[in-house]
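Visitor: Sequence:
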Amino acid sequence: MNRAASSRSQQRTSDAEPLRAPASVPPGRRVWLRFKRNRLGYWSLIVFIAAFVISLAGPLWSNDKPLVVRYQGHLYFPLVKTYAETTFGGDFPTPADYLDPFVRDRFGAPGNFAIYPPNHYYYDTLNYFSKGSNPAPPSRENWLGTDDRGRDVFARLVYGFRVSVLFALVLTAIGTIVGVVAGAVQGYFGGRIDITGQRLIEIWSALPELYLLIIFASIFEPSLILLIILLSLFGWIGLSDYVRAEFLRNRTQDYVRAARAMGLSNWQIIWRHVLPNSLTPVITFLPFRMSGAILALTSLDFLGLGVPSPTPSLGELLAQGKANLDAWWISLSTFGVLVATLLLLTFMGDALRNALDTRIADAVKAGGGQ
1 MNRAASSRSQ QRTSDAEPLR APASVPPGRR VWLRFKRNRL GYWSLIVFIA
51 AFVISLAGPL WSNDKPLVVR YQGHLYFPLV KTYAETTFGG DFPTPADYLD
101 PFVRDRFGAP GNFAIYPPNH YYYDTLNYFS KGSNPAPPSR ENWLGTDDRG
151 RDVFARLVYG FRVSVLFALV LTAIGTIVGV VAGAVQGYFG GRIDITGQRL
201 IEIWSALPEL YLLIIFASIF EPSLILLIIL LSLFGWIGLS DYVRAEFLRN
251 RTQDYVRAAR AMGLSNWQII WRHVLPNSLT PVITFLPFRM SGAILALTSL
301 DFLGLGVPSP TPSLGELLAQ GKANLDAWWI SLSTFGVLVA TLLLLTFMGD
351 ALRNALDTRI ADAVKAGGGQ
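Sequence positions in the sequence shown follow UniProt numbering and run 1 to 370.
Careful, some of the hints might be misleading.
Derived Cβ-Cβ restraints for the label pairs, each shown as a range [to be verified]: (1) 238 <-> 343: 16 to 26 Å; (2) 254 <-> 214: 47 to 57 Å; (3) 82 <-> 357: 19 to 29 Å; (4) 207 <-> 60: 40 to 50 Å; (5) 91 <-> 309: 51 to 61 Å; (6) 189 <-> 283: 17 to 27 Å; (7) 43 <-> 233: 52 to 62 Å; (8) 254 <-> 57: 23 to 33 Å; (9) 257 <-> 206: 12 to 22 Å; (10) 60 <-> 148: 24 to 34 Å.
Everything labelled a hint here was simulated from the structure, so no lab data went into it.
None of these values were measured; they are calculated from a predicted model.
Where is the CB? At the ideal position from N, CA and C, for every residue including glycine.
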């Protein structure tokens, strides 16, 4: 009887061991194991990274230029070099249009060939040879149809997703750095520095951000760099409050007093001791900050205050869908990409928050790894 009970106890222990990180595992490794245990957040991270990598490789599978051309015994690589139409037997010295039926016929001659990407359109390519009027519905030639200017919707979604994610990464990085520095200085030193910083932040946050964007958009030519600069001026304020609160709490801990007694400078204490123990809200909010950045860019593009044409943009596609209600494929596909992106980031943020929450980890241990 005791042998059977011991066997069942050992079996329960062995079942719970994969879900419970040993005490010798580094803290970062334990956080990753808890994050990986959340299957929805973990697979959302995998899908998001895969989609971003695929969008970065967009020119390899969505482009109006062949990957490789063999013509009259010579190899050409149009993706890395521009060739004139005369190179392939044309009459004009202008860059070759590889979608032109004449050029395609030249590649179809014996001994010649051209390897095209699966989707034959770049984000700004106009389908001059479309048989119908624009916007055209989905077809074998244009998988998700065309917009009102004859551009391929699928290609603009691929490159628009890439622009949105890169914009969100840059804006999140700048806002995080500025917010951490501002919050750390206020929270660690406190006193007059903290009070003065709080008053300045209150004044700065009271400025009408949208009005400033409208004013600058009317003065300067809209661009991604201008949007990053303007949005970065305000994007750090919310994060600095959380970092300030963490520093106010951690600066009174015993390890800070011990480091100060050992003769470490304030900046050494901040960098080595207080900052690593105050990064939980910073890391937790990263996916949600990226979601906010993508929504901000999409909203500004929808209002006509974002990136200039012909830069691919999800907001510009939504505006086209609003202007062409009968072209349902534009709104539906763009809305699907935007919702899927925000859902993936939200699931990743929830999983990361749970992985960094020690109370949830303690509850898991108390429940036997369940």
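Visitor: All the hints need checking, so say for each whether the structure fits it.
Guide: Here is what the structure says about each hint:
1. 238 <-> 343: 16 to 26 Å: About 22 Å separates the Cβ atoms of residue 238 and residue 343, which means 16 to 26 Å holds.
2. 254 <-> 214: 47 to 57 Å: With Cβ atoms ~51 Å apart, the hint holds.
3. 82 <-> 357: 19 to 29 Å: violated (54 Å)
4. 207 <-> 60: 40 to 50 Å: Holds, since residue 207 and residue 60 (Cβ atoms, about 44 Å apart) stay within the stated range.
5. 91 <-> 309: 51 to 61 Å: Violated - the Cβ-Cβ distance for residue 91 and residue 309, about 31 Å, lies outside 51 to 61 Å.
6. 189 <-> 283: 17 to 27 Å: For residue 189 and residue 283 the Cβ distance comes to about 24 Å; the hint holds.
7. 43 <-> 233: 52 to 62 Å: Given a distance of about 36 Å, which is not inside 52 to 62 Å, the answer is violated.
8. 254 <-> 57: 23 to 33 Å: violated (51 Å)
9. 257 <-> 206: 12 to 22 Å: At roughly 38 Å between Cβ atoms, residue 206 and residue 257 fall outside 12 to 22 Å, so the hint is violated.
10. 60 <-> 148: 24 to 34 Å: holds (28 Å)
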